[in-house]
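Hey, can you work out the whole structure from these sequences and the hints?
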Amino acid sequence: MDVRELEAVAKQVRRDIIVMTNKAGAGHPGGSLSSTDVMVALYFDVMKGIDPKDDKNPNRDRFVLSKGHAAPALYGTLCERGYFGREEFDHFRQLHGILQGHPDTKKCPGVDASTGSLGQGISIAVGMALGAKHTGNPCHVYTIIGDGESDEGLVWEASMAAAHYKLDNLTVILDYNGMQIDGTNEQVMSLGNVRAKFEAFGYDIVEVADGNDMQQVLDALHTPACPGKPRLILLHTLKGKGVSYMEGQVGWHGKAPNAELTAQALKELEG
Amino acid sequence: MSSKINVIPTGEKEAVRVAYGKALVELGQKNDRVVVLDADLAQATMTNAFQKAFPERHYDCGIAEANMVDMAAGMSTMGLIPFCSTFAVFAGRCYDQIRNGVCYPKFNVKFGFSHAGITLGEDGGSHQAVEDLALMRVLPNMTVFVPSDANECRQCVSAAAEIEGPVFIRTARLPSPIYEPRPFEVGKGQVIKDGKDLVIFTCGIMLEHTLEAVKILEEKGVDAALVSFHTLKPFDEAMACEWALKTGRVYTVEEHSVIGGLGDAVAAAICGKGAFTFRKIGLQDEFGQSGKPADLLREYGLTGAQLAETILKD
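Those protein sequence lines, which keep their order, are chains A and B.
Read in my numbering, the first sequence has 9 at position 9, and its numbers run on one by one without any break.
Read in my numbering, the second sequence has 196 at position 196, and its numbers run on one by one without any break.
Please note that a few of the clues may not be correct.
[Unchecked claim] Covered stretches of chain A, as calculated for chain B (at least 3 residues, CB under 8 Å):
#, stretch
1, 131 to 138
2, 204 to 211
[To be verified] Capping the alpha-carbon separation at 25 Å, the derived lysine to any residue pairs in SDA-like fashion look like this:
#, chain 1, residue 1, chain 2, residue 2
3, A, K107, B, K220
4, A, K106, B, E164
5, B, K106, A, E152
6, A, K11, A, L261
7, B, K220, B, R279
8, A, K106, B, R137
It should be emphasised that the hints constitute simulated quantities derived from the structure, not laboratory data.
The C-beta atom is built at its ideal place from N, Cα and C for all residues, glycine as well.
Listed below in structure tokens is the structure:
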């Protein structure tokens with residue numbers, strides 16, 4: 001797929017996010033929309049061994065959505081990639097649905113870890129990368145963490161371990177949209193110099209000025225690994241990206257659009 | 001009238017945690033998927049034996065229990081069988097990771113948590129887990145083992161590796177008697193002594209003290225049955241009911257809070273099944289404190305003589 005086509009998929013996933021959260025009357029559109037582009041890039045261009053018909057292929061690259069509340073973006077991406085049909089969106093967050101409020105590896109095909117309790121996904125991803133090294137599995141492990149999530153001490157425990165074990169088969173992607181539930185990062189819990197912090201923990205850093213620009217995201221993901229070091233991609237993103245009334249708005253972290261706003265969002269995301 | 005006691009002391013003593021370390025080495029020789037994780041306590045949890053035997057399969061995760069557990073979760077998805085080891089009191093510190101990272105997805109991670117209960121001794125109440133069994137029993141998908149001696153610990157470790165899913169093994173620091181190996185089946189209680197007047201249910205290293213209690217009771221003309229449970233989950237409810245009904249008088253003895261541990265497992269099993277007198281003996285909703293293990297057992301009424309005395313008073 002070329003960049004234009006990947007952008008079109010990302011647009012479709014954004015529509016999926018709106019449709020899904022509207023139907024469920026709940027969910028987290030803001031952080032889903034900010035992380036959509038990188039998830040599409042991963043599943044449609046970067047990750048190796050991805051096959052919806054063989055989702056347990058042992059050598060496939062792994063993906064862990066550490067910020068598990070961005071599940072709608074993951075579900076949209078997996079659906080477009082062919083893991084399940086769009087009809088599953090009707091059952092998002094519903095009884096007996098495979099699309100649980102937060103990703104469930106037991107229920108949803110293509111989901112490698114159950115996440116939602118923040119800080120845990122990155123730690124599980126570190127374990128996967130370590131396990132891959134241990135068993136000689138050539139796979140690469142990707143995980144997306146949030147900036148609010150980085151308040152959790154576990155993010156830093158995991159980061160220390162990633163550097164200690166020299167996990168150059170691990171890429172941590174920080175969806176740095178600057179906002180969390182109760183306000184901006186600055187208001188709630190300042191991350192300070194986030195690049196310097198992750199750098200000090202031993203990551204090789206790749207910074208992306210516009211984490212919602214597909215070409216920039218691809219360039220970052222295709223940057224050759226730095227031997228002996230885990231990678232952190234610092235993605236500057238926009239919360240609510242693509243839906244005008246959600247962009248840069250803290251209030252759309254965990255709220256679903258009503259019928260009218262859904263129609264408006266889908267209009268903005270046309271074509 | 002004397003009933004046979006179905007355990008044979010070897011005359012040797014060994015802490016169950018030491019047996020855990022040895023059992024891991026034996027398991028490691030048989031199964032190369034086994035890896036061991038520790039949180040800077042390898043010399044206390046005794047996983048240093050495994051570390052020495054298989055340095056490339058032992059991961060010291062530093063003093064970061066939460067990360068250790070989730071790393072183990074991730075490693076299990078790569079086909080490995082990780083055994084996480086730390087003190088039982090830290091089960092609370094990494095509980096969210098055990099719950100959401102391991103039990104919720106039913107990942108194949110084992111927990112060998114040592115220094116449980118008051119017999120940890122001198123380190124004091126801050127380090128004496130009296131709530132770990134309650135925490136673990138309540139988690140779906142979790143199997144909970146409390147081995148009573150070194151041989152049973154070996155059996156528990158071996159069984160844990162065969163179970164596809166999370167397993168918790170509670171071990172003690174205090175050296176305790178080793179008995180001849182007994183037949184082992186996951187989820188089955190063991191009748192240690194038949195009896196008609198009352199039944200004592202126990203688990204872990206309290207076996208030693210309850211054995212002493214039944215001997216004293218026998219001298220006083222009370223024929224007490226004794227049943228030991230190495231598995232608290234899945235719990236052998238049938239056996240608990242059988243002996244409760246047979247005797248009508250039930251005691252539970254554990255080195256744990258009387259809330260949420262063996263006592264409550266028995267209570268849940270026999271509730272509504274008949275009319276019994278029932279007493280839970282253990283930590284009565286309180287924390288432990290520093291002291292020699294023998295002094296602590298006495299302080300909390302858990303020596304054989306005190307157990308017999310409590311029972312005779314009823």
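The hints, checked one at a time:
1. Counting residues of the stretch 131 to 138 of chain A whose beta carbon lies closer than 8 Å to any beta carbon of chain B gives 5, which meets the minimum of three for the stated coverage.
2. Interface restraint, the stretch 204 to 211 of chain A with chain B: violated (0 residues with C-beta to C-beta distance below 8 Å; minimum three).
3. As the CA atoms of K107/A and K220/B are separated by approximately 59 Å, the hinted pair breaks the 25 Å bound.
4. Between K106/A and E164/B, the direct Cα distance comes to roughly 14 Å. Compliance with the 25 Å bound is thereby established for this hinted pair.
5. As the CA atoms of K106/B and E152/A are separated by approximately 24 Å, the hinted pair is consistent with the 25 Å bound.
6. For the given pair, K11/A sits about 17 Å from L261/A by alpha-carbon distance, which is consistent with the 25 Å threshold.
7. Our distance criterion of 25 Å between C-alpha atoms is met by K220/B and R279/B, whose separation comes to about 20 Å.
8. Taken as a hint, the K106/A and R137/B pair is honoured in the structure, with Cα atoms around 21 Å apart against an allowance of 25 Å.
Of the numbered hints stated above, those contradicted by the structure are hints 2 and 3, listed in ascending order.
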